[in-house]
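Work the whole structure out from these sequences, hints included.
If you're matching positions, the sequence shown starts at 1 in full-length UniProt numbering and goes up one per residue.
Don't take every hint at face value.
Just the calculated beta-carbon pair ranges, DEER-fashion [claimed, not checked]:
no.	residue 1	residue 2	range
1	Pro-182	Asn-246	23 to 29 Å
2	Pro-250	Gly-358	54 to 60 Å
3	Ile-223	Asp-188	54 to 60 Å
4	Glu-90	Ala-111	27 to 33 Å
5	Ala-366	Lys-277	55 to 61 Å
Bear in mind the hints are in silico, worked out from the structure with no lab data behind them.
Ideal placement from N, C-alpha and C gives every residue a C-beta, glycine not left out.
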Amino acid sequence: MIARRGFKQINISNSVRCYATRQSSATTGDEPDPQLGGYPQFVPQKAQEKNPYNKYWDQQGRTNFGDLLHEDEDVLGVHAPDVHQYSYAESAKSILYTIIAFSAFGYLASAMVPQRNVAPRDYPRDGLKDELSGVDENKQAARSFSSSTRRSLATPVGGAKPALMKKFQIYRWNPDEPAEKPRMQTYDVDLNSCGPMVLDALLKIKNEADPTLTFRRSCREGICGSCAMNIEGQNTLACLCRIDRNENKPSKIYPLPHMYIVKDLVPDMTQFYKQYKSIEPYLQSDNVPDGVEHRQSPEERKKLDDEYLGPAVLMQAYRWIADSRDDKAAQRKEKLENTFSLYRCHTIFNCTRTCPKGLNPAMAIADMKKEMATA
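So, in structure tokens, the structure goes:
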């Protein structure tokens with residue numbers, strides 16, 4: 001690193017001098033220095049000695065654009081002499097020398113390790129397919145024990161399983177084609193190359209047979225409920241419903257009933273979310289403790305934990321009506337006091353059988369009916 005006070009002994013070009021000594025502004029007390037091309041001789045100041053409350057171009061380094069660095073802080077070597085300035089010819093010469101050195105090294109390495117002569121192999125007329133198909137007894141005997149063991153484990157004894165084809169009849173309707181009526185379209189799926197769930201069959205059909213097939217799916221673990229549809233006459237989740245392996249009986253898949261259809265197996269959830277919003281599914285309390293937890297007894301909490309994440313609006317409505325901390329139970333019951341919100345439930349427990357989390361929405365609805373009848 002070149003000290004600032006040694007600049008007078010260095011003969012540098014005008015371009016380097018201009019770059020190294022250019023300042024954003026000059027003070028009136030500085031005198032022009034002939035050695036620096038008539039520029040004033042500035043005295044660099046350490047950053048720690050500068051006023052930290054001033055506004056700088058680099059606030060952390062306390063420097064403005066174009067300021068000289070102190071010799072103790074010139075870590076980038078901006079005051080380099082002409083010896084560090086390279087021309088294009090010198091750069092090209094260095095690159096050429098590097099290429100020659102690498103080429104020579106590669107030539108010596110190949111000369112020291114010559115390539116072995118390999119006899120050409122004659123393949124059969126049909127190429128590698130017939131050459132590599134099947135297991136030759138002589139080749140099998142020559143293989144090591146480990147490789148033969150791995151091959152015997154990887155290859156079924158009886159060969160590939162025969163195709164187990166099953167028909168899936170799926171509801172189809174495209175809103176972009178209003179002249180076409182809804183129809184049932186049949187697809188053939190090999191169950192031996194498909195997963196065990198109905199959602200696996202739908203994904204296989206969409207990926208391999210018909211990419212226009214439309215349905216919802218997300219978690220594939222029975223949590224989100226996106227793949228809810230009517231399978232074999234029962235409303236359930238496609239990710240939790242196993243495929244009936246009876247190939248003589250086609251599986252029929254419909255969208256959820258009593259709902260408008262967006263396309264194919266996708267129902268319109270607008271009305272559901274409106275109903276869900278109408279029950280105000282959040283805690284409403286008039287007297288909230290200030291600065292402390294809003295507690296409830298273990299018995300009261302256990303009543304909520306049994307039926308906390310319901311799959312339908314009424315399940316959630318009961319969850320908040322039964323919450324001991326909520327002060328709006330009467331208002332919530334008033335919103336359910338009509339012929340459509342609560343009393344359309346037939347109490348046949350289909351929702352309880354289908355719920356992937358083992359909840360009991362039908363019992364929650366029955367409890368709400370009892371509370372509203374005795375209120």
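Taking the hints in turn, this is what the structure says about them:
no., hint, in the structure
1, Pro-182 with Asn-246: 23 to 29 Å, "holds, 26 Å"
2, Pro-250 with Gly-358: 54 to 60 Å, "violated, 30 Å"
3, Ile-223 with Asp-188: 54 to 60 Å, "violated, 31 Å"
4, Glu-90 with Ala-111: 27 to 33 Å, "holds, 32 Å"
5, Ala-366 with Lys-277: 55 to 61 Å, "violated, 24 Å"
Consistency with the previously given hints fails for numbers 2, 3 and 5, ordered from lowest to highest.
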